[in-house]
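Asker: Let the sequences and hints guide you as you build the complete structure.
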Amino acid sequence: MSDQNEMTAFDQAVLPHLDAAYNLARWLTRNDEDADDITQEACLRAFKYWKSFSGRDCRSWLLAIVRNTFYSWLRQRSVQPVLTDDGEMDDTADSVPDPESTLIQNVDRNTLRAALEDLAVEFREAIVLREMEGLSYKEIADIAGVPIGTVMSRLARARKRLQIYLAKTASENCL
Amino acid sequence: MTCKEAKNLLNAYVDGELDSAGSLAVETHMRGCASCLGEVENLHGLASAIENGSLRFKAPAHLKRRVQGAIRAANPQARSSVFYWRWASVLASALLIAALTWTVTSRWAESSEEKLLVNDIVSSHVRSMMANHVTDVSSSDSHTVKPWFSGKLDYSPPTKDLTEHGFRLIGGRLDYLDNRPVAALVYQRSQHFINLFVWPSNDTPTGKEEQLARQGYNLIHWTQGGMSYWLVSELNLPELKECARLLKQ
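Keeping their order, the protein sequence lines are chains A and B.
Using our numbering, you'd call the opening residue of the first sequence number 1 and step up by one each time.
Using our numbering, you'd call the opening residue of the second sequence number 1 and step up by one each time.
Mixed in with the good hints, there may be bad ones.
So the derived label-pair ranges between C-beta atoms look like this [what the hints assert, rightly or not]:
hint : chain 1 : residue 1 : chain 2 : residue 2 : range
1    : A       : N173      : B       : E114      : 49 to 59 angstroms
2    : A       : R113      : B       : A61       : 20 to 30 angstroms
3    : B       : L116      : A       : G149      : 30 to 40 angstroms
4    : B       : G166      : A       : G134      : 53 to 63 angstroms
5    : A       : D118      : B       : N52       : 18 to 28 angstroms
6    : B       : E51       : A       : P16       : 20 to 30 angstroms
7    : B       : H192      : A       : E33       : 14 to 24 angstroms
Because the hints were derived from the structure by calculation, they are not lab data.
Glycine residues also receive a C-beta, built at the ideal position from the N, C-alpha and C atoms.
Answerer: This is the structure we're talking about:
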């Protein structure tokens with residue numbers, strides 16, 4: 001394949017997923033400029049490995065590269081992400097508010113955005129991949145390089161934290 | 001199924017990740033458990049709030065071009081092959097199409113191609129202002145800016161410092177125009193920014209300067225020493241002409 005054909009093939013296969021790549025990068029970095037840089041760097045890496053890409057799910061493949069690029073960028077800046085342990089579901093102590101009182105109704109978009117940004121990065125990525133990209137536990141597990149059980153518990157904890165954040169904001173607004 | 005067991009499966013249930021036996025067991029439990037039922041409702045509520053909240057970020061328009069530019073800059077051989085194929089296809093059309101038709105077609109193509117290019121140049125300029133991404137390398141020292149481009153481009157753009165004439169070089173940027181990565185040099189005149197796009201050109205230098213105005217921006221184009229130059233800015237025309245004159249010296 002000539003270089004030009006290769007580039008065209010790459011453009012056609014990868015660029016349609018640029019929005020998904022950017023969305024993940026944007027949620028991980030939480031700012032526009034870094035998201036631009038991470039996405040560009042990830043696409044460059046993707047192009048470098050393009051020849052060895054087996055051609056299964058291009059979106060998941062690109063998202064995994066975005067994620068790796070983000071974590072190596074984070075390491076370079078020597079900022080350690082706040083990782084929480086992935087042990088058993090032991091969040092029962094997190095004082096889950098009454099289901100009735102936390103029923104999510106008409107959540108303000110900005111509050112929801114703030115709640116998501118407040119999540120630890122591995123919870124945030126699980127939510128973005130599941131709720132915004134609609135990926136299965138297996139696909140998320142492959143991208144994040146963790147067992148499916150971990151994906152399940154991360155999602156459960158992430159959602160619990162979101163609910164608590166939203167309930168807290170709602171009760172603060174009522175005061 | 002105990003309530004604790006069910007609670008551990010509620011997320012997987014809502015996400016449709018349980019097999020039918022598992023789903024059935026959760027549903028049976030929920031019939032008698034208001035707490036689990038409420039939690040499932042909450043999970044559904046949260047999922048639809050995220051879905052309806054349009055929280056997904058869309059890649060900004062300039063990013064696609066930046067990515068394409070970066071990929072092509074990383075792989076400069078590809079450019080020659082584009083040229084080869086273009087040349088070959090032009091030759092093929094020349095053989096197929098009668099001379100007159102061909103002349104008309106190519107003239108039309110040329111003018112509309114230039115129109116597109118001018119639009120692209122103006123949008124590149126506007127984007128660089130809007131996205132707060134004026135420079136990739138920020139330096140008023142031409143000896144810093146020039147080497148920055150080597151390795152990123154298959155040519156070396158002239159990087160003239162015009163500070164003493166009131167046009168301060170503030171840096172350079174990689175952009176993508178005319179189907180190729182190009183150098184953008186950024187100058188500042190009081191509060192105005194000037195983008196200078198430079199790339200190699202096969203056009204014969206006419207010595208003539210083209211002046212255009214688009215959407216309130218002034219553009220000056222010329223060809224010199226095998227390079228095509230495009231100056232674009234919201235700066236007034238006389239001052240931009242002065243800048244062009246200094247660059248040509």
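Asker: Against this structure, judge whether each hint is valid.
Answerer: How the hints compare with the structure:
Separated by about 57 angstroms at the C-beta atoms, N173 (chain A) and E114 (chain B) satisfy the suggested range of 49 to 59 angstroms. At roughly 22 angstroms, the beta-carbon separation of R113 (chain A) and A61 (chain B) lies within the given 20 to 30 angstroms, and the hint holds. The beta-carbon spacing between L116 (chain B) and G149 (chain A), approximately 54 angstroms, falls outside the hinted interval of 30 to 40 angstroms. The hint said 53 to 63 angstroms for the Cβ distance between G166 (chain B) and G134 (chain A), and at roughly 55 angstroms that hint holds.
Look at D118 (chain A) against N52 (chain B): about 20 angstroms separates their beta carbons, and that is inside 18 to 28 angstroms. In this structure the supplied range 20 to 30 angstroms holds for E51 (chain B) paired with P16 (chain A), their Cβ-Cβ distance being about 21 angstroms. Checked against the given bound of 14 to 24 angstroms, the beta carbons of H192 (chain B) and E33 (chain A), roughly 23 angstroms apart, stay inside it.
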